[in-house]
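Quick mapping for you: the protein sequence lines, in order, are chains H and S. For the first sequence, counting from 1, position 59 maps to 59 in the numbering used here; every step adds exactly one. Whatever position you read off the second sequence (first residue = 1), add 1000 for the numbering used here.
Worth double-checking, as some hints may not be accurate.
Derived DEER-like restraints, expressed as beta-carbon distance ranges [claimed, not checked]:
(1) S:Asn-1167 <-> H:Asp-12: 48 to 54 Å
(2) H:Asn-149 <-> S:Glu-1210: 52 to 58 Å
(3) S:Ser-1138 <-> H:Glu-108: 33 to 39 Å
(4) H:Asn-149 <-> S:Ser-1217: 38 to 44 Å
(5) H:Ala-203 <-> S:Glu-1164: 52 to 58 Å
(6) H:Ala-203 <-> S:Gly-1108: 22 to 28 Å
(7) S:Glu-1210 <-> H:Asp-206: 57 to 63 Å
(8) H:Val-201 <-> S:Val-1165: 52 to 58 Å
Covered, in the sense of this in silico footprint (three residues per stretch, anywhere, with C-beta under 8 Å from a C-beta of chain H), are these stretches of chain S [as the list claims (entries may be wrong)]:
(9) 1051-1058
(10) 1089-1096
(11) 1247-1256
What the hints contain is simulated information worked out from the structure, not anything from laboratory work. Note that the coordinates shown come from a computational prediction; the quantities given were computed from them, not determined experimentally. Where is the CB? At the ideal position from N, CA and C, for every residue including glycine.
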Amino acid sequence: MKILVGIKRVVDYNVRIRVKSDGSGIDTDGVKMSINPFDEIALEEALRIREAGNAEEVIVVSLGGNECQQQLRTGLAMGADRAIQIDTDEPLQPLAIAGAFLKIVEKEQPGLVILGKQAIDGDNSQTGQMLAALWDRPQATFASELVLNGETATVTREVDAGLETIEVDLPAVITVDLRLNVPRFVKLPDIMKAKRKPLDVIALSDLGVTTDNQLKTNSYAPPPVRQKGIMVEDAAQLVAELKTRGLV
Amino acid sequence: MSRTLIIAEHDGQTLNPSTWKCATCATAIGNEVDVVVLGSGIASIASDAATISGVNKVIAIDADHLKNPLAVNDAAEVVAIADNYSHILGPSTTFGRDLMPYIAAKLGVNQVTDISEVEGPYQFKRPIYAGNAIIDVSAPDNLTLVATVRVASWKAAGSDGSSEVENRDASAAASSHTRFVGVKSGGGERPDLQTAAKVVSGGRALGSKENFELVYSLADVMGAGAGASRAAVDAGYCPNEMQVGQTGKIISPDLYMAFGISGAIQHITGIKDAGTIVAVNKDGEAPIFEIADIGLVGDLFTVIPELKALLA
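Here chain H stands alone, though its shape is the one from the complex (with noise of 0.2 Å):
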């Protein structure tokens, strides 16, 4: 079996980030930009399938210019075995990203594809969704347990309530939540290792994928800024100005 896993090229979840004082976007000059986590913790997933046995191959997806294939290459340094980057200048949006996803999901036949459950820029936590529409496959959102036994996996997926668990025949798309695993962290000579290994580029173009009806972005703005309030000495100062506020 193959697993397709997703990378996103994303700002660093540890930079503060800033909107541009003309509204026009986010400044991402000089920023550190790295995977974006929770794909990080797909691709941890998909690695410890293969070390299990359970897998073959792993591959790493990213689209973008030919600056996300840094990511592909920490991708290979953690242990993929190639990467495809889907070669494109235009900033997609979920949609369309699903559906060049089908387009390699269709090549490449793999009997999973784990992606993170939402990406920190955009916040969107549609992609997986959408593959798997696109797809008529199965989805397991928000897994933060995963079981496979042979044709099916059994999926444990953090929701609202507590954890449901949901039984999905393969293949099927994944999406993964915070504690599904801890992700290995890159050795030095696994980088050098993964310059090796092969990254191929497809043009988005070449794929025949449509990216009309796009969502347009107006504006951007910093978010309201809550006040620092006052200080009190004692618990019987807090319930006090609580009784004061009608809060309690």
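Start from chain H and add chain S according to the hints.
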């Protein structure tokens, strides 16, 4: 035709408050509003939905295979009636986030995620980067608008409506490739975090699962929901559905009380919309004091018992 469909969320027993919040957002969009309830044995849930203010009609689709919400089954029913609607809304809860993009893809549209403000029928505001930026976004007005409603941003609609309930048969059969197995809740009888008016939360400073009882006991005295920081959840002090923050639940209670939570950005993101934030922390330099409405520098192990005594 300008008409909005809301997908109701429920647990098989009661309608989730997120449905009332979607109704408020739908009213802001301005169209006639229908609600669809999907499930099995849902007559009383559908009657509840019929009381939501501003709702025109409730469509109840009752079938065995809709008993537990699986996106593939629910989406088939929604897509079957989608032609009648210009807008299809669901909540930004895990239920809606699982289902709505699936529907959007079946309809060939992108989804507007997490609507926090309505600017026009096809123009909205929504947070990105975990709420660190707000974008103004427009969707094509000649296509079906599929969106999730950021429940923390909207007040619940009233319950003085009396719309009709139309019962319909399911139009699709159960999916053969996805099967519901079960759901396990780690929480107790406390109010649901996402809808509680008051929430008491604990952080890593609690130090152990046993000590978290302090948080629960204060929550119970106050009739509050109980939450936690990611650090506390990761340390195994409490179940993960208690996690408040960017990767957990985003909540907007009237009163949020944080004990021993330093205030990492990822946590603040989850509480930014709270009415009043109270922070109790030993460290006077903790970043949570920068956004707290009322701060108290002190040891939670003495402050919580004092608060319990004063509030009991």
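Discussion item. Quick check on a hinted range of 48 to 54 Å for Asn-1167 of chain S and Asp-12 of chain H, using CB atoms only.
Written reply: Because 52 Å falls inside the window, the suggested range holds.
Worksheet item: At the C-beta level, are Val-201 of chain H and Val-1165 of chain S separated by a distance inside 52 to 58 Å?
Response: Hint holds: Cβ distance 55 Å, inside 52 to 58 Å.
Worksheet item: Are there three or more residues in the stretch 1247-1256 of chain S whose C-beta lies closer than 8 Å to some C-beta of chain H?
Response: Holds, because 4 residues of the stretch 1247-1256 of chain S bring their Cβ atoms closer than 8 Å to Cβ atoms of chain H.
Practice prompt. Take the stretch 1051-1058 of chain S, compare each residue's beta carbon with every beta carbon of chain H, and decide whether three or more fall closer than 8 Å.
Written response: Three-residue rule not met by the stretch 1051-1058 of chain S, so violated; n is 0.
Worksheet item: Would you say the C-beta atoms of Asn-149 of chain H and Glu-1210 of chain S sit inside 52 to 58 Å of each other?
Response: Roughly 37 Å apart at Cβ, these two residues miss the hinted range, so it is violated.
Worksheet item: For the pair Glu-1210 of chain S and Asp-206 of chain H, does the Cβ-Cβ distance stay inside 57 to 63 Å?
Response: holds (60 Å)
Worksheet entry | Proximity test - 8 Å, beta-carbon atoms, the stretch 1089-1096 of chain S to chain H, at least three hits | holds (count 3)
Practice prompt. With 33 to 39 Å as the target window, see if Ser-1138 of chain S and Glu-108 of chain H comply at their CB atoms.
Written response: holds (36 Å)
Worksheet item: Would you say the C-beta atoms of Asn-149 of chain H and Ser-1217 of chain S sit inside 38 to 44 Å of each other?
Response: Roughly 42 Å apart at Cβ, these two residues keep to the hinted range, so it holds.
Worksheet item: If you check the beta carbons of Ala-203 of chain H and Gly-1108 of chain S, does the distance land in 22 to 28 Å?
Response: Between Ala-203 of chain H and Gly-1108 of chain S, where Cβ atoms are some 23 Å apart, the hint holds.
Fill in: Pairwise beta carbon distance, Ala-203 of chain H to Glu-1164 of chain S, judged against the given window 52 to 58 Å
Distance hint for Ala-203 of chain H, Glu-1164 of chain S holds at roughly 54 Å.
Violated hints, listed in ascending order, are 2 and 9; each of the other numbered hints is respected by the structure.
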